[in-house]
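Undergrad: Sequence:
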Amino acid sequence: MTEDTEKPAEPGKKFRHDSLDELIRMICEAQPDPKRAITGREAVTTVAKFLDQAIRRGVTVKEIVAILGSFDLNLREATVRSYLAAAKAAAEKKKADKEKEKAARAAKAMTAGRALPHRDTATPTGSAPHAPPAPVHERPSPDITARPDGSGGPEAAL
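Residue numbers (my numbering): 1 to 158.
Honestly, the hints are just simulated from the structure, not real lab data. You may find that some hints are simply not true.
Below are the DSSO-like pairs computed for lysine-lysine, each with C-alpha atoms no more than 27 angstroms apart in a straight line [stated by the list, open to error]:
| # | residue 1 | residue 2 |
| --- | --- | --- |
| 1 | K88 | K100 |
| 2 | K93 | K108 |
| 3 | K62 | K49 |
| 4 | K62 | K88 |
| 5 | K49 | K94 |
| 6 | K49 | K35 |
| 7 | K49 | K14 |
| 8 | K98 | K88 |
| 9 | K62 | K108 |
| 10 | K49 | K88 |
| 11 | K108 | K88 |
| 12 | K98 | K108 |
| 13 | K49 | K108 |
| 14 | K95 | K49 |
| 15 | K88 | K102 |
| 16 | K95 | K108 |
| 17 | K98 | K49 |
Quick list of simulated restraints, FRET-style, between CB atoms [said to hold, decoys possible]:
| # | residue 1 | residue 2 | range |
| --- | --- | --- | --- |
| 18 | A78 | S19 | 43 to 53 angstroms |
| 19 | H17 | K100 | 45 to 55 angstroms |
| 20 | E63 | K93 | 27 to 37 angstroms |
| 21 | E92 | G69 | 27 to 37 angstroms |
| 22 | K49 | T111 | 13 to 23 angstroms |
Here a beta-carbon is modelled for each residue, glycine too, at the ideal position from N, C-alpha and C.
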């Protein structure tokens, strides 16, 4: 946005939907400010995945602390372990939340009548085909010879 040709957006002003792709592209291409200082926690959290991989390969936390120290991140081993544990817990929570959200969406879809697993398309209600109708001999037969006053019926013929 140039200062002489465009004004900042006013609060509540509508944004054109067809500009969203361009907005997303520009945000994704934006580079972080290289002069911005980050904390030791931010640095460890950002590279936690790689630090965990290094530890699994046999690199000790003491060696990781020395590497971080070469970048002027002077942290103790216990601090680095704590930061890594917090980053791992946050990643696991994020994964669990994502799974819960997915399950909730699936449950909502099922209650809305969409995407039912094993749905029988031959029946209009979607009832399971494993529940056949009762056999004819178990069904009560209507007594068509009985009169409303109780006279007649099958026993009257005897």
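Undergrad: A separate judgement is required for each hint: does it hold in the structure or not?
TA: Hints versus structure:
no. : hint                             : result
1   : K88 <-> K100                     : holds, 18 angstroms
2   : K93 <-> K108                     : holds, 22 angstroms
3   : K62 <-> K49                      : holds, 17 angstroms
4   : K62 <-> K88                      : holds, 19 angstroms
5   : K49 <-> K94                      : holds, 14 angstroms
6   : K49 <-> K35                      : holds, 24 angstroms
7   : K49 <-> K14                      : violated, 40 angstroms
8   : K98 <-> K88                      : holds, 15 angstroms
9   : K62 <-> K108                     : violated, 49 angstroms
10  : K49 <-> K88                      : holds, 8 angstroms
11  : K108 <-> K88                     : violated, 30 angstroms
12  : K98 <-> K108                     : holds, 15 angstroms
13  : K49 <-> K108                     : violated, 34 angstroms
14  : K95 <-> K49                      : holds, 14 angstroms
15  : K88 <-> K102                     : holds, 21 angstroms
16  : K95 <-> K108                     : holds, 20 angstroms
17  : K98 <-> K49                      : holds, 19 angstroms
18  : A78 <-> S19: 43 to 53 angstroms  : holds, 49 angstroms
19  : H17 <-> K100: 45 to 55 angstroms : violated, 30 angstroms
20  : E63 <-> K93: 27 to 37 angstroms  : holds, 28 angstroms
21  : E92 <-> G69: 27 to 37 angstroms  : holds, 28 angstroms
22  : K49 <-> T111: 13 to 23 angstroms : violated, 37 angstroms
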